[in-house]
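**Q** Protein chains in written order, with this note's numbering: chain D, 1 to 212; chain H, 1 to 371.
Keep in mind the hints are simulated off the structure, nothing from the lab.
Beta carbons: idealized from backbone N, C-alpha and C, even for Gly.
Treat the hints with care, as some may be off.
Here are the simulated DSS-like pairs of lysine-lysine, each with C-alpha atoms no more than 25 Å apart in a straight line [claimed, not checked]:
1) K11/D to K48/D
2) K133/H to K229/H
3) K115/H to K114/D
4) K114/D to K11/D
5) K115/H to K48/D
6) K48/D to K114/D
Just a few of them, taken from the derived set where beta-carbon distance is under 8 Å, the chain D residues facing chain H [as the list claims (entries may be wrong)]:
7) E57
8) N182
9) H187
10) A195
Cβ pair distances, simulated, as ranges [as the list claims (entries may be wrong)]:
11) A174/D to P206/H: 36 to 46 Å
12) E131/D to G272/H: 54 to 64 Å
13) E162/D to G202/H: 45 to 55 Å
14) G179/H to A174/D: 32 to 42 Å
15) S2/D to L49/H: 26 to 36 Å
16) G256/H to P116/D: 49 to 59 Å
17) E191/D to G39/H: 50 to 60 Å
18) A174/D to P21/H: 29 to 39 Å
19) G127/D to G175/H: 36 to 46 Å
20) G158/D to L49/H: 29 to 39 Å
21) P12/H to G158/D: 27 to 37 Å
22) V19/H to E162/D: 37 to 47 Å
23) V167/D to G327/H: 56 to 66 Å
24) V133/D to P21/H: 17 to 27 Å
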Amino acid sequence: MSLTLALSKGKLLSGAEAFWRRAGLPFPDAAGRRLVVLVGGVRFLFVKDMDVPTYVEYGVADCGIAGRDVLLETAADVLEPLDLGFGRCRLVVAAPRGREFDYRRAGAIRIATKYPRVAATHFLERGISAEVVRVHGSVELAPGLGLADGIVDVVETGRTLEENGLVPVEEVAASSARLIVNRASQHARREELQALLGTLRRVVADGVEAVR
Amino acid sequence: MNGNVHTRVQVPPGVQCFVGPEARRRRRIEDRVLGVFEGWSYEEIIPPLFDYADVFPEDLAARTYSFVGRDGSLLALRPDFTSLLAKIAAGRLLDRPAPIRLFYSGEVLRYEPPKAGRQSELYQMGCELLGAKSLDADAEVLAVAAECLEAVGARGFVLSLGHVGVFSALAAEAGLDSGRVEALRERIESKDEAGVREVLRGAAGPESQAALERLAALSDDVSRIDEAKAAVAGSRGASLALEELQGVIAALQHAGLGEHLALDLGEVRGLGYYTGLVFRAYAPGLGFEVASGGRYDHLLARFGRPLPAVGFMLGLDRLALLLERQGEDNVPEQPPADLVAGASVGDRLRAALEQRRAGARVRLANGRGPK
């Protein structure tokens, strides 16, 4: 049976493809829009980014690529043996410029986010009861429209925040793409997974060298 | 759906119901596993369904169905069997000399979102070996686990072995505070070397750091235990733990179970509960473990009878799922039933009783009742 790899159709897809090509590993051509593709003995599964950890946790896929942000949000029980280094971003709390809330004075705050679990935990750990409003997109609009006092979201350059009059108030976590592995596959498919991991590790190491 | 409005047949989330062939399939798995426990001279205990809430481990408290008894005491539906067995061993069985071999089979209840083959009702079958020499007991319990998996027909299973002493010693020697130990444990459990580095940044010496990073990565063939020993050579505690583990592995290899073993030193769940060997069983076809266990030498002292202990449990729900995935789930055939007819109810019953006494399976040709 071939190894199954779950990939996000979203923002990590181009990074994953570039990484795979650099590693000299076959990758499905973007032309097709099929969701399950067999290439070079590996079955690629294209799913939504928040679903990648689920497919891997249940063992439907032996491994996958997921952002640390998504792993924090889904809290899936998977192995994360390798930081692939691409897709770097930060999960931050952001608020409207000039209306940055002060934790010590805030009685209750309302936060709009695509990451309800991460947001709730973040504020609870600081002794703050936040009302977390789950939205599925255009999070940056929420404060300006009066839906929330602030947001928890990922930022790469910070430009989207700026365009919407928001500033980062606090970092929640740093994120990047991770190779994740199913706990059972770790043993059942040990040799194949270690070979893959070895190849990917070399690319990561080369990348670090190149930056130096 | 919300509040108290639900239809009469709606079920609350997390409960299960098995009918006919499904129930038979589960019963058969259970029979085989319990047969193995009995074959190794373990004795069955049927513990109570609820007990005082403080009997059960604190880390399960948030997931426990607890309630207040008539006398105001806090009670809990059992979220776990091991604590109950430990309590019984320290109470009812106090006069019983060690070693004591016990097994159980039944449901535990936990508030748990249905996930990864888990419902709120979990059917667990397990055994505990109390008060026996560590090496012998660890090896015995692993052999029993292997036989259980073989007996139910699980193919290609792996017992993945670790030892919490390795991590505990390294973390203690690195002088980390408890918050950082937990963060580190969590990252090692995920085999995230980069995360381990992150947690340890500026907090540990280079030697501890290197050893802990290796721990995260060391999941492999048992032959790599020597490499692990070299990696933790600077730590007496970790080295001793690995020697213990090596002893267990050697015994199992000698007994012909070597092909089922794997090494996983990143196995650091349940710290504070487990004190030595920890293991989980996996098999191809299922993405999560079907059995897990380990050594818990401090638990019985809580009940006033300090005895070392080791045990494991198999999840019936997950075993059933695994066997189905592996195509081993064929329900045993039942003998055909004889249709018993007769002029009157009395005639039919008399004939049926006669055939039953002769060992036949019968089915009464009753008429259909009114609606």
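**Q** Indicate, hint by hint, whether the structure satisfies it.
**A** Status of each hint after checking the structure:
{"no.": "1", "hint": "K11/D to K48/D", "in the structure": "holds (10 Å)"}
{"no.": "2", "hint": "K133/H to K229/H", "in the structure": "holds (23 Å)"}
{"no.": "3", "hint": "K115/H to K114/D", "in the structure": "holds (22 Å)"}
{"no.": "4", "hint": "K114/D to K11/D", "in the structure": "holds (15 Å)"}
{"no.": "5", "hint": "K115/H to K48/D", "in the structure": "holds (19 Å)"}
{"no.": "6", "hint": "K48/D to K114/D", "in the structure": "holds (14 Å)"}
{"no.": "7", "hint": "E57", "in the structure": "holds (6 Å)"}
{"no.": "8", "hint": "N182", "in the structure": "holds (5 Å)"}
{"no.": "9", "hint": "H187", "in the structure": "holds (4 Å)"}
{"no.": "10", "hint": "A195", "in the structure": "violated (13 Å)"}
{"no.": "11", "hint": "A174/D to P206/H: 36 to 46 Å", "in the structure": "violated (23 Å)"}
{"no.": "12", "hint": "E131/D to G272/H: 54 to 64 Å", "in the structure": "violated (34 Å)"}
{"no.": "13", "hint": "E162/D to G202/H: 45 to 55 Å", "in the structure": "violated (33 Å)"}
{"no.": "14", "hint": "G179/H to A174/D: 32 to 42 Å", "in the structure": "violated (19 Å)"}
{"no.": "15", "hint": "S2/D to L49/H: 26 to 36 Å", "in the structure": "violated (46 Å)"}
{"no.": "16", "hint": "G256/H to P116/D: 49 to 59 Å", "in the structure": "holds (51 Å)"}
{"no.": "17", "hint": "E191/D to G39/H: 50 to 60 Å", "in the structure": "violated (35 Å)"}
{"no.": "18", "hint": "A174/D to P21/H: 29 to 39 Å", "in the structure": "violated (51 Å)"}
{"no.": "19", "hint": "G127/D to G175/H: 36 to 46 Å", "in the structure": "violated (28 Å)"}
{"no.": "20", "hint": "G158/D to L49/H: 29 to 39 Å", "in the structure": "violated (56 Å)"}
{"no.": "21", "hint": "P12/H to G158/D: 27 to 37 Å", "in the structure": "violated (46 Å)"}
{"no.": "22", "hint": "V19/H to E162/D: 37 to 47 Å", "in the structure": "violated (60 Å)"}
{"no.": "23", "hint": "V167/D to G327/H: 56 to 66 Å", "in the structure": "holds (58 Å)"}
{"no.": "24", "hint": "V133/D to P21/H: 17 to 27 Å", "in the structure": "violated (46 Å)"}
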